[in-house]
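Chemist: In case you want the letters, here they are:
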Amino acid sequence: MRVELRGITKRFGSFTANDSISLTVEPGQIHCLLGENGAGKSTLMNVLFGLLHPEEGEILLEGQPVRFENSGDAVRHGIGMVHQHFMLVPVFTVAENVVLGFEPTKSLNRLDHERARDEIRQLSERYGLDVDPDAVVESQPVGIQQRVEILKALSHDARLLILDEPTAVLTPQEIDALIEIMRALAAAGTSILFISHKLKEVRAVADVITVIRQGRVIDSVSPETSEADLAALMVGRSVSLTVAKEPVTVGGASLELRDVVVRDDRGLVAVDHVSLSVHTGEIVALAGVQGNGQTELAEAIAGMRRVESGHILLGGVDITNKTPREILDAGLGHVPEDRHRDGLVLSMSVADNLVLNTPRRAPFARRGTRQLRAVAENARELVARFDVRTTGIDASAGSLSGGNQQKVIVARELSRPLVAFMASQPTRGLDVGSIEYVHQQIVAERNNGRGVLIISSELDEVIALGDRIAVMYAGRITGIVDSSTSREDIGLLMAGASHVH
Amino acid sequence: MSTIASQQHAAVRRDRRVTTIGALMVFLGALMAVVFGLIVPSGAHSQLTFTPLNTAVHAPWHLGALTLDTRWSDTVLGLMAIGLGVDVIVRQPRRALSRFGLTSVLFLLALLLWTSRTGGPAQTNFVNVTTVLIGSSSLVMVLIYGSLSGVMCERAGVVNIAIEGQFIAGAFLGSMIESTTNSFWLATLAGALAGALLGWVLAFLALRYMSDQIIVGVVIVTLLSALSSYLNLQILTPYPQFNLGNPAPNVAIPFLYKIPVLGPVLFNQTGFFYLAVALIALISFGLFRTRWGLRVRAVGEHPKAAESVGINVVATRYRNVILGGAIAGIGGVAFMATQGPFQPGYTSGLGYIALAALIFGRWTPSGAVVASVLFGILDYLSYNLQNYSFPLSTEILGMFPYLITIAVVAGLIGRVRPPAADGIPYQRS
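Chains as they are written, first to last, in the numbering used here: chain W, -15 to 485; chain R, 7 to 435.
One chain only, chain R, in its complex shape (with noise of 0.2 Å):
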């Protein structure tokens, strides 16, 4: 039996690609200690601030400034990355893939650190480590719709590649209705139903005529970015009025609020970011203690099994796939209600890189909710190093989210074991 002869070799088992991620995180660690700090001139300080920069309303505290000095900091940063990657090569942990999270982390940390030392080259002599998470947390927060979308569809075994696509319907239509209507309810019903129908599009090809999904996506994604040119240039351009992008209101959570650099970052927020919340919480639930998460998986690993003991395989597709295409359709909302007006193409692709996060989350909504943050955080400061005149463009910064995605699915970091009957059509025997 396969399962006996593994199990024998697993006592002695050393995967390859688990030791070479172990050795990237060591090369990282090595490249912070020397690079970001043995190597910078001892006396270089960095600071770390704390108050958030609109203190007007909700920051009843105040934090000092934190002064590191840099050579030191980077190289302990740089020691600790070096641990993790050894203790990856050791032991071989099951979690290889979270200690890379961390360690990405501890890099962004130290890169910060380096670039806004003194003598450093950036102008601002300190990094905001409130702003940056404020300023990440809305990327975060649409890159979790977007990797909710991914779960509710790809455990029930259909690929909504089609995220984007519903990022642009529902930040085009949330603008529109807010615009006319001033509800954001209303523009969020208005994305949420744009989404679902665009999922229902996708099910229907995929299920009824068992076209390839990956292609209807690609297709709902490029019909979606042309169509919305179209429409932008027609009406939204000649009538601005339809197309303010107010931004959603924060709404302050009492008491909690308050906290230390948290507040400001998760408690201080639209109504948007508690809505992800909510949904990260009950898919969890829903998915893995309920009896209708039991059947979606079940539809997506192993369809025929779950056809026989009378689970009606194509009617759980429809449903998680809309579903899902709202949960999209809602980040798109969510997306415009955060970044302002609608104009073509300002999604740049972040449906994709929700696409990575899901993977990069191993398919599930906890996994998905940390890569989100990592490729957030990531996302927003290779948008945003250039003020801090990193010297590295922001298009290579912009590469990272990619580059990790892809060693991640060229299975790098241990095996990553999608739903087994992800992207295959059903068939009733």
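Chain W with its partners taken away, still in its complex shape (with noise of 0.2 Å):
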């Protein structure tokens, strides 16, 4: 289907989320919008699924302008979405899902269960997309409920399929499957637009990118432009994707791990029996597709979770099942995956947030009396120091974007002495910018002669920081590999084999 967006402008109160943007998607075309987080990606798929309504402009499909009331019309007009959060019920079957508002019956409104399981087979043969049509969702890997929300879409005769940053949740072999399946529709003359902002598979699966920066379309461009200038585009400078490192000196153990297990919030055992020393001047990079345990891993080491057996050691001294307090103290810097439920108190301002780990401490606090005026020049000088863009230091760290937030919290855990840092998906959801700037400070910090622990599951970032990667998964380490490895093998080490060569 021929797509066309004619000047489409979308504004929230004073803010323009989307500036007088054009673009055509051909029909079998694989169009990619690229941009930084905030760009206005998203709001612009918004617009033309129709759960956003424009000031400004028109959608033309096949030279014909529509006007959507809600995504019920644009699905009616054949454009299906798959969303960035999958729009699934975790506890109906694959065959509920796909047919949930459209469901064929029976008499007496009875769900005809026969008839959906036989569409879906019939889709899944057409499509060559392999599912289990009584298999629960939640039951199943990330990767095939992704399949089953394409499904679904194109059960709906979608012929354009709307795909919103689909590879953050998936292995690198399912990121493969998926690029395989978005060439196969597009063979087959459904028109694909792919949001994503990682330059590699953009490059890899567009025939046409096109770059939007704060709400403006920068360009159109082929994907044979290099990384490099696909970054700039985005950025609107030019970035450096790759972190210098010089080689240091590594010594002795800074953390160390001994056989620790940990059990997840359902009591199950999350991390099992993992071993790990990281030494002074490297950066271990632990990868991992999410829910592998890393997160409770990290929790433990933090002193958020419970060791159930095995020992802690930071500097040499066993901190397993101290409180975060006495970890902290013991010279532990934490950046937590979830930095708006762990890292900041978004309602709290920034100089606050600032000293959330010493608020009780001098200069911060004496007698039991907070120092404001020690908080804030502690603010002051720390916002410059880490260039976080901030209205003021009194601003409420929610204010502020997930780049800058992060900044924060990296300034906070880097600003006193420590024996090591631990900073898991450092990077997540931020604007290569930024992503260059966590990533030098990281590596300023092993220079500083620091064990550094990066937690991630973006391969990327696990092979521009390891100096040596340990791989993850099912709560053991698969394997553990210097930097040089490739992506495939690393990849593998993920999806669970036990040995690369």
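Derived by calculation from the structure, the hints in this document are not laboratory data. Hints are not guaranteed to be accurate.
[Said to hold, decoys possible] Calculated from the model, a selection of chain R residues having no Cβ within reach of chain W, i.e. all distances over 10 Å:
id	residue
1	Leu44
2	Trp67
3	Ser217
4	Val225
5	Leu233
6	Gln247
7	Ile286
8	Ser290
9	Ala321
10	Val379
11	Leu398
12	Leu409
[Said to hold, decoys possible] Computed list of lysine-lysine pairs in DSSO-like fashion (alpha-carbon distance at most 30 Å, straight line):
id	chain 1	residue 1	chain 2	residue 2
13	W	Lys182	W	Lys229
14	W	Lys229	W	Lys184
15	W	Lys90	R	Lys310
16	W	Lys182	R	Lys310
[Claimed, not checked] Which chain W residues face chain R? A few, computed with CB under 10 Å, are given here:
id	residue
17	Val59
18	Gly85
19	Gly251
Think of the CB as a built atom: it goes at the ideal place given N, C-alpha and C, for glycine as much as any other residue.
From the two separate chains plus the hints, produce the assembled complex.
Modeler: Next comes the structure, spelled out in structure tokens:
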């Protein structure tokens, strides 16, 4: 289907999210929309999918102008969307999810499970998307869940498929499979709009790349454009995509895990006898697909989750099952995975967030009274040093962009003497510019002779930062390799393979 | 993937909570076998009788009394409970909860046998099983109305903690309307409307203004109990002709009512009882077999997903909460029609026990019914055990339904999972 957006403008109050955006997707084309977080990609897609109404501009399908009141209208016009956060009911079966809203029924409004199943089998065969219609969605791996989402869109005869950041949750192998699926669909005539901020995959799959920045279309380029040029278009200045790392002499262990066992919230073993040591002056990157125990391991190290057995040593001191305060005082810097939940108090000011780990200590408090002047001074200094973009140190942390929120946390954690530094998903949701900055800070910490543990599900990040790479799968460390190992081999370890050659 | 990881661990998975509940069952079993069984003097007998007290109309049969040796019967019951508990510990079945329910019933039976044994504390040396069941059935019925109301609301994602308030409204209006018009049909209609109106208030505040559903629910209950006390004082006390509290007539179902024991319990009941049974079937079928049910459950689990395929989340929630309110309202009328004239506070927290039954029953109509039966019998016995001079205060027995619920909610017994979006206000993006 040929889809044309003409001069789409969408404002939220005084903020213009989309500023007169025009673009055309040809039938059977894979069109990538590349831009940083907050560039307006998702807003544009929500306009196209009928979830938001633009102030100006029009949408043309096959040359005909259309107006969508809601997403149902868009679906009826042949537009399907695979959301970043899946729109699947976890406790329903695949079949129930696909037919929801368009259920085949028998008399008495009864669901016709036979027909639903048949429908899905036919769709699976037609598009080569293998799924079990009777499987409960939550029991399926994320890659399959995404396949169900795609099937759901196709079941409504989507001729334009919008994929919103579809690779964020996938393993490298699953990403390859997704790219295959996209190619096959496009070959069969389905148009695809693919939203991403990851340069590699955009270049791998796109026919055309449209870059948007601050709500405007910057340029439409071919996928032959180099990664560096694409990054420059996205950010508006040239960005270095690799981190310069000087060789550093590695010293003794600064953070050591010995046979650590941790359970998850449901009481299942999430970390299964993990041993790992991080030496001073090195970055160990812990790779793995989300949900393989990394979160629980990081929480256990930070004292936020009980260690069932085994020991954790920080600079040779046993910190197993100490309180978070004791562990912070012992010299662990910690950037938590979920910065909104564990990293910041969003309603508090930037200044207060910057002393969140040392609020009772001199010089920020004396005899139980907070020293607001010292807090403010500290904030002004760190905001300047770490280049936090904020309207002021009294602005609430929640008013900052994701990248600047992360800078606040990094600034807080690195502004005191540390023994070891641990960061979980340090650049999740950050734009290329902020990633560059955070990576530089992490490497600087290593160069200063600290042991650094990075926990990340981004393969690029793991390879860029790690001096050694440990891969975690199903609660165990499946391999520890050095940073020259190929992406494919690390990908295999992430998928559970026990040996790589 | 977490799912892969958990599947790998599933083979060796031993859930500490399931093990705990198994241990609790073994403990109860041991208590029964030793305290109610082995240390009872040999030769003590308990009698179970089955013929209902008012045999005049509907008991064309007669079952002789069953005389049991207390010591050995209770020992056997205790061993059965121990067996069930060991089974739960060893095999870790998914349905540990229902086995726990069965153990509770065994425990009650052992307790009744013990208290009514010869030389025991009770003056009457027999337990009339049929009477106990008939007596419990009206409480069970009211709990079924309440928990079905909860199923309707919570499956769509709205917590209805106002069931107690809807009971009060139904009972109050039901009594007034029945007394003045002499028609249970009109009383039922009035109760349903009152419950529906309260459901609408809850839905309006929760859906339009995104108020906290628990707080709105508690406010509705508080308001209703105060309002009903006031109106009781102003209207019902000075004009008792408005508050006759006539019992609803029993309707015997031909042939079936003649079945021994079950007949008088299940087939010689009020219309309210039969309506409750019909509602169980209707709601079970509707929720799990029809398009309507699939959509309701989608709204309760993942409203955004429902909205994205064109389902109107807010309308679905309004509809279900209002229907749920109507069901609880009828429950209030049913309570009045079996318990007599309205008095302030006489529903005595039954709405909350219904809510507990809903949780115990894992948000399914059939589970809620099983829990309602269990809680109803427990509640009935806790009111009536004094007749058996049971040497434990009725207040302590009255705590049982709540203790069980606390155990369930605390996650002692497996994982109880509510609808994912239960109680969370929905905001359209």
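Chemist: Evaluate each hint against the coordinates.
Modeler: Against the structure, the hints come out as follows:
no., hint, verdict
1, Leu44, "37 Å, holds"
2, Trp67, "39 Å, holds"
3, Ser217, "21 Å, holds"
4, Val225, "27 Å, holds"
5, Leu233, "38 Å, holds"
6, Gln247, "45 Å, holds"
7, Ile286, "17 Å, holds"
8, Ser290, "13 Å, holds"
9, Ala321, "13 Å, holds"
10, Val379, "26 Å, holds"
11, Leu398, "35 Å, holds"
12, Leu409, "23 Å, holds"
13, W/Lys182 with W/Lys229, "22 Å, holds"
14, W/Lys229 with W/Lys184, "22 Å, holds"
15, W/Lys90 with R/Lys310, "27 Å, holds"
16, W/Lys182 with R/Lys310, "27 Å, holds"
17, Val59, "7 Å, holds"
18, Gly85, "3 Å, holds"
19, Gly251, "6 Å, holds"
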